[in-house]
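Given the sequences, and given the hints that come with them, work out the whole structure.
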Amino acid sequence: MDTTKSLWLPEKASTFANNIDWAFYLYYWISVAFFVVIVFLIALFVIRYKRRRPDQLASAQITHNTVMETVWTAIPLLIVMFLFVIGMKGYWNMRVAPANAMQVDVIGRKWSWSFEYPQEGISNDTLVVPIHQPVRLRMTSMDVIHSFSIPAFRTKADVIPGRYNTLWFEATETGTFQVFCTQYCGTNHSYMWTAVKVMNPDDYQAWVAVASDPSRGKTPAQFGAILYTKKGCAACHSVDGTPGIGPTWKGIWGSSTALEGGRSVTVDSVYVVKSMMDPAADVVKGFQPIMPPFQGVLSDKEVNGLAAYIQSLK
Amino acid sequence: MATATLEEHEVAHHFDDLEQEFESHRLGMWLFIASEIMMFGGLIVGGLLLLILHPSAFAEARPHLDWRLGALNTFFLLTGGFTMARAAAFAQKGEQGKVQLHLVLSLLFGAGFLVVKTIEYKAKFHHGLLPGDAFHGEGFTSLHAATFFGYYFVSTGLHALHVIIGMGIMVWCLLVSRKVHFTRAYYTPVEFAGMYWALVDLVWVFLFPLLYLVG
Amino acid sequence: MEQLPGHTYNFKTLAGVYVSLLFLAALMVGFSLVPMNSTNITWLDLHLLKTLIIFAIGACMALIIAGFLMGLKYESSKLNAIIFATNFAFLFIFILFTWTDLGLRGAMDPSFMKQINWESPVTKENAREQAQEAPAPAP
Amino acid sequence: MIAHVHPENINYLKAKPGLINWFVTVDHKRISMMFLISTLFFFILGGVYAMLFRLQLWSPGSHGFISADTYNHFFTMHGVIMVFLVVVPGIPSALGNFVLPLQLGAKDLALPKINLTSLYLYWIGGILAFVSLIAGHADSGWTFYAPYSISKNPAVLWMLTAAFFLGFSSILTGLNFIVTIHKMRAPGMTWFRMPLFIWALYATAIMQIFATPVLAITLLLLLIENFFHIGIFDPAMGGDPVLMQHFFWFYSHPAVYIIVVPAFGICSELIATFSKKEIFGYKFVAFSSIGITLIGFLVWGHHMFVSGQSEIANTIFSFLTFFTAIPSAIKVFNWTATLYRGSIDLRTPMLYGLQILFNFTIGGLTGIILSILSVDIHLHDTYFVVSHFHYVAMGTTMIAFVGGVHYWWPKMTGKMYNEVWGRTAAILVFFGFQITFFAQLIMGSQGSPRRYYHYLPEFQIYHRISTVGVFFLAAGLFMALINLLASLRKSAPDAPQNPWGARTLEWEVAPTPPLVFNFEETPIVTHGPYEYATEKA
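Protein chains in written order, with the working numbering: chain A, 3 to 316; chain B, 386 to 600; chain C, 24 to 162; chain D, 30 to 566.
Certain hints may be false.
[What the hints assert, rightly or not] Derived coverage of chain D by chain B (criterion: at least 3 residues anywhere in the stretch with Cβ under 8 Å from a Cβ of chain B; other residues may be distant):
1) 131 to 142
2) 210 to 221
3) 244 to 256
4) 265 to 279
If you are wondering where the hints come from, they were derived from the structure by calculation, not from laboratory data. Small disclaimer: the values here were computed from a predicted structure and weren't measured. Idealized CB from N, CA, C, for every residue including glycine.
Here it is in structure tokens:
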């Protein structure tokens, strides 16, 4: 379909656009017709019946004509009722989201937007959506009333504090589209912009993978600290020196530790990684070889994270 | 409005006759009352919507208002309305003494209303049943109890203000009645004071159930 | 002497009005004291019914007050009655249309909260933020 | 000499000279004069604000010369001043006040003291608006939406109070008009012999009386929310900000018709008079004013189509809104038909009359598209809406105001202004206006949001066109003002009794300028307002 912007309307990028633009231009031409006729008649009469002599009287006194009155009452009435039906249909379609819509929570605050993806556990400052996928926004505000508007999608809804408002759309074009706040909300109201990025499904998946990566924006040690509890290390290894089923991690890094079978080893990245991948190989003296191997369970990134975390526990 | 009803006994310059003057002032008074009704109407519509939105708050907060005091106030207002109507009637008959007597009676009932209202307000202040932020009443589960009392103070306060204005008009009528002798030809001030007092009653018969009885 | 526009000076009428007003007020209070929960009628919202009856009584009182204490009954022109009726027409429109919004929010897409959710974390956080720094004031 | 003349037989300007006598007068003509001066003052003030922020918008955001807060403050002041202090009181209080008794053949308004009270309430409102200016930056927009307006900004509080008083001023004027129209008509002045301006003022008065009190209660509740946060509107306390919008628009939509309906009346007067022709379909035009009034009370929700209002309510409001198109269309068609076979004299007031017709056609047509629900979702809160209501409030109402001032100026002052300058100004105003606001239509439908200090580069061209246009507009209005004031000098020609050859009482019977009690003796009306057929040439 033709997505380029026309004189009156911006580019189209959602399933609503065609319907709305059609209604817009339909009415546009109707009104142009009315306007031209009226203005033409005014101009014609003004020129044709201009007063030539000061004492000139009107050439006729026509007080009324019920037929004409009826006609120009009835015709507009029919037209506007037709327009009402068009508008109502389009609007209801814009309000009821399809069942397979994916949900994104939108939070407006002075003067920024944030978008929460509940399933993926993503929080982002731009709205990223896959193409040809109905998206339902559940929106609320932290302070005053804002309004979430995407001209290219021809949709808009106020974002109200203390309440949820909803909006849905299905993008039909990939690319980046402007988002405005259209409800006056104070000093930086006119800077309260963000963008909708519409992606192909694979790009979107890639983006989700990156955006939902828990290590994003964390040092390896911080990431490791999360894994320590998440991957269940905490069950056996303490980090404060208290004895457990496994040796504590506190101060273990760099120390030379005696192993079962008399050997001893300096705890460094090599040993730590080895004992994660194949724990039974070198068991610390005084402990049972009961730790499950994490070969293939932990990604390299996670291994690094854990190592860095242990190293950080001086 | 009072200034408008304060016409001289003889017809004002821009009227043809007394009848036209009387009719105009009366229509003016009705339109004024209409606007007053719209103002209180808006307030009461808001109250009804609150009742529909937060029934629990009303159910919880309403028992803290004593319907007996409310009923007593209803009695005062209606009786005042009755005596004002009598005053207007006597003004038409031109029985000046009885007009003044009934004006004083109505004033007393109005004062009674205000006294009771003060007692109620005192109790609310004492129990911390204050509007909005100031609210610190104990044992409320619905946060909208604060809203209820906020609405209670706004509506009854605005109504009480109109009671005071009405009493002011009565006092003014008393002063007029010392100079002007009311007759069939001219009884407008008392008449309008009566209408205004009836307006106060009219509002109250909706506020009273909304605040004291339902929910 | 014939009735002038305004208050009637027929004492009987006024006394009757006064008594009936007091009676209706008493009726109103009486109704409000009827315990509706004790009955075990479920097919009908008695609480709503009670509210409606109470306000209906209030409306009757309002009509009597307007008719006699304001003298609407003795008006020379119907205009004043029309004005009075118009008030209530507009107020009825006001509450009716506002209710079509408040009452029917989310009717088309019920999976969303339609009522104000004042206990949502949003308002709590909102309140906290307001406590911390006042919302951007105009310098 | 004057001492010997009976006071009623000297014109109202000469009688009882001295400022004090003006301030305590109950003469509707003097009161309306004071209203006119006050309204013009605030019109200029509001216009200055408009020009300032149009200059700012020459280039986006920080490239301009004022800060974002100042910009928000300016458009708020522009809105509040123009709506509450100019367009709402403008035609009824300033022009209607003067003309209504004259057109009815009455000595004065029915309740002169109420009329004076209304003027003083207006002044109190105006003063409070200035207090708000001193108190700080009111930046809530003229709509005072909660919760933004309940953030304890003192300037906003003062502005709310100002609007409160202005509301009562408006109520009292409307009340006075209705009483006067019902009770003060001269003998022979039947309902259907009333000029259409009177019908328009009657319709307006109905809305003033029944809608404005709700504004009063809304503002009261907003003030209470500010101080106590009782939680009716305040979401932080569990209130519903959308409920506030219902309260506000229940007044402010009828207010839109309070603004525009009197302009229809003036348009009818101008077109009939300067075509020397009976208005086409008098009764249709008259009743369309009443009809638009009644419909006006049913459609406030169309200001809330994207506010999270329930879909059912939106549908109902959209349906009802379309009906406002019908009376509007009837008026436009009847005015156009009135021109047919008339004897059209393009004097200055008529140039404004034709502008009203032109602008209201655009204003009305753009209004209909905004009531198409699906399309409105796209256009809501954009410059399209801004342009639409300026085509109505400025292009129809204020142009009618200016046209009306030119039309009745000779009657008010007894002086004729310069016709050539008058027409030049009118033409300048026309083009200035179109340039300013048509650009905004396109920008809006392209999606440019309103109340924006900063904007996308692609919209700059429209903003620049609009900014250029506003200076033509201002120049035209300024020229008109100077021309009118210049006519007050001694050497300027005195106005004849009936310079336009109109058939309504104020021109045919009342002397120019009118006497203290308007007429020598109460006129007996024998013909309709536009009966040019019976007129001997």
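### Query
At a Cβ distance under 8 Å, does chain B reach at least three residues of the segment 265 to 279 of chain D?
holds (count 7)
### Message
Can you confirm whether chain B covers the segment 244 to 256 of chain D, using C-beta to C-beta distances below 8 Å and requiring at least three such residues?
### Response
Coverage by chain B holds here, the residue count being 7 at a Cβ distance below 8 Å.
### Task
Establish whether the coverage given for the segment 210 to 221 of chain D by chain B is satisfied; the threshold is a Cβ-Cβ distance below 8 Å, and no fewer than three residues must meet it.
holds (count 3)
### Message
Can you tell me if the segment 131 to 142 of chain D counts as covered by chain B, using C-beta to C-beta distances under 8 Å and a minimum of three residues?
### Response
Three-residue rule met by the segment 131 to 142 of chain D, so holds; n is 8.
Every hint, counting from the list given before, is met by this structure.
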